[in-house]
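Engineer: Sequence:
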Amino acid sequence: MEVTFLGTSSGVPTRSRNVSSVALRLTQRGEIWLFDCGEGTQHQILRSELKTSQLKKIFVTHMHGDHIFGLMGLLASCGLGAHAENVEVYGPPGLDAYLKACMKYSQTYFPYGVHFKTVSPGVIYEDDEYIVSTEMLKHRVTAFGYRISEKDKAGKFDVDKAKKMGIPSGPIYGKLKKGETITLEDGRTINGSQLCGPTEIGRKFVYCTDTVFCESAIALSEDADVLIHEATFAHQDAQMAFERMHSTTTMAAQVALAAQVKKLIMTHFSPRYAPGNTLQLNDLLKEAQAIFPETILAYDFLSYEIPRRIN
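The numbering of the sequence shown is the numbering used here, which starts it at 4 and goes up by one.
Since the hints were derived computationally from the structure, they do not count as laboratory data. Keep in mind it's a predicted model, so treat the numbers as computed, not measured. Check before you lean on any hint, since a few could be wrong.
To be verified - DSS-like, lysine-lysine: derived pairs with alpha carbons at most 30 angstroms apart:
1) K141 / K159
2) K59 / K164
3) K156 / K265
4) K156 / K266
5) K159 / K265
6) K54 / K266
7) K107 / K181
8) K181 / K167
9) K265 / K54
10) K120 / K107
11) K59 / K156
12) K180 / K159
13) K103 / K59
14) K156 / K166
15) K141 / K103
16) K141 / K154
17) K156 / K181
18) K178 / K154
19) K141 / K120
20) K156 / K141
21) K103 / K159
22) K265 / K59
23) K266 / K141
24) K164 / K178
25) K164 / K181
26) K120 / K166
27) K266 / K154
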């Protein structure tokens, strides 16, 4: 699981930061799941090592323009030689109507298949490897945070040990790999856990933006390996954050601390903290680290591989 930041500015792009978009690359599946799609996201993808042909899911947090204005252009380009197939777009009420209106008035057709899914709190997707759940955040419009939970996997199966124990290969190995208990023809009972290494704990990725500090963000982020949380404002601008329903650095850090996450990556920074101004992004980082030391700042094209936990 590798995270790539395609846009880390709030509201408007700057010379060094595009507006919101984050890609989660599931390397073993050869898939990309995109979170938000601000204007220019497809250009950012072209400048990265990501491939639009691997795009499978897009999760939209809310309907503000800096999170959706790149969506139509990206989806249209996917139909022009990008070889995308059956892309699922998840988001708040109104997203499907917005995209269908764009399709109608621009006379655009998605030949590869785009499926719109309106989300509500709870589990919105599950397969053999992942569970995707969402909670409502606290913003000026309906907004959702997303949690991707990788399911735990049985440890590596010791084939040599199984052979030495006289266990015949075949379907039995598959059951033992899953940790099941089987009975052999000679009457022996074998527990699969005896032949498997330590369980691989599934990784947990959480994306929360846009929102002011709220309890639902803490619940969604509980025990996450990485929390991506907006930090639009410095602590001294807290009043502005409350008025605009955004987070400060200290709010983001408090969510990470309360949820006991492993790593906090802050993003969605106001352009007011650009170089040359009184407060700069390094000052915002220090504010957050005073509360939650395992904090880093996102920047465009930052890649972060989510590590597996060591038992």
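Engineer: Each hint should be assessed against the structure and marked as holding or not.
Structural biologist: Evaluated hints:
1. Note on K141 and K159: the hinted pairing is violated, with a Cα-Cα distance of about 42 angstroms set against a maximum of 30 angstroms.
2. Taking the CA atoms of K59 and K164, the gap is about 39 angstroms. The hint is violated against a cut of 30 angstroms.
3. With a C-alpha separation of about 20 angstroms, the suggested pairing of K156 with K265 holds against the 30 angstroms cut-off.
4. Note on K156 and K266: the hinted pairing holds, with a Cα-Cα distance of about 22 angstroms set against a maximum of 30 angstroms.
5. As the CA atoms of K159 and K265 are separated by approximately 25 angstroms, the hinted pair is consistent with the 30 angstroms bound.
6. The hinted pair formed by K54 and K266 meets the criterion: a straight-line CA distance of about 26 angstroms does not exceed 30 angstroms.
7. Taking the CA atoms of K107 and K181, the gap is about 49 angstroms. The hint is violated against a cut of 30 angstroms.
8. Among the hinted pairs, K181 with K167 is consistent with the structure: their alpha-carbon atoms are about 19 angstroms apart, no more than 30 angstroms.
9. A C-alpha spacing of about 29 angstroms is found between K265 and K54, which places the hinted pair at or below 30 angstroms, so the restraint holds.
10. Taking the CA atoms of K120 and K107, the gap is about 19 angstroms. The hint holds against a cut of 30 angstroms.
11. Restraint check for K59 and K156: the C-alpha separation of about 23 angstroms stays at or below 30 angstroms, so the hint holds.
12. Distance hint between K180 and K159 is fulfilled; the C-alpha atoms sit about 8 angstroms from each other, no more than 30 angstroms.
13. Distance check on the hinted pair: K103 and K59 sit about 19 angstroms apart at the alpha-carbon level, within 30 angstroms; holds.
14. With a CA separation close to 22 angstroms, the supplied pair K156 and K166 stays within the 30 angstroms bound.
15. Distance hint between K141 and K103 is fulfilled; the C-alpha atoms sit about 27 angstroms from each other, no more than 30 angstroms.
16. Restraint check for K141 and K154: the C-alpha separation of about 28 angstroms stays at or below 30 angstroms, so the hint holds.
17. Restraint check: the Cα-Cα separation between K156 and K181 comes to about 8 angstroms, which is no more than 30 angstroms; the hinted pair holds.
18. Only pairs whose Cα atoms come within 30 angstroms are accepted, and K178 paired with K154 is accepted, the gap being roughly 18 angstroms.
19. Note on K141 and K120: the hinted pairing holds, with a Cα-Cα distance of about 21 angstroms set against a maximum of 30 angstroms.
20. Proposed proximity of K156 and K141 is contradicted: the alpha carbons are some 34 angstroms apart, above 30 angstroms.
21. At most 30 angstroms may separate the alpha-carbon atoms for a hinted pair to count; K103 and K159 exceed this at roughly 47 angstroms.
22. Distance check on the hinted pair: K265 and K59 sit about 27 angstroms apart at the alpha-carbon level, within 30 angstroms; holds.
23. Restraint check for K266 and K141: satisfied, since their Cα atoms lie roughly 22 angstroms apart, inside the 30 angstroms limit.
24. For the proposed pair K164 and K178, the alpha carbon gap of about 15 angstroms is at most 30 angstroms, so the pair holds.
25. Among the hinted pairs, K164 with K181 is consistent with the structure: their alpha-carbon atoms are about 16 angstroms apart, no more than 30 angstroms.
26. Note on K120 and K166: the hinted pairing is violated, with a Cα-Cα distance of about 48 angstroms set against a maximum of 30 angstroms.
27. The suggested pairing of K266 with K154 holds, with an alpha-carbon distance near 19 angstroms, which does not exceed 30 angstroms.
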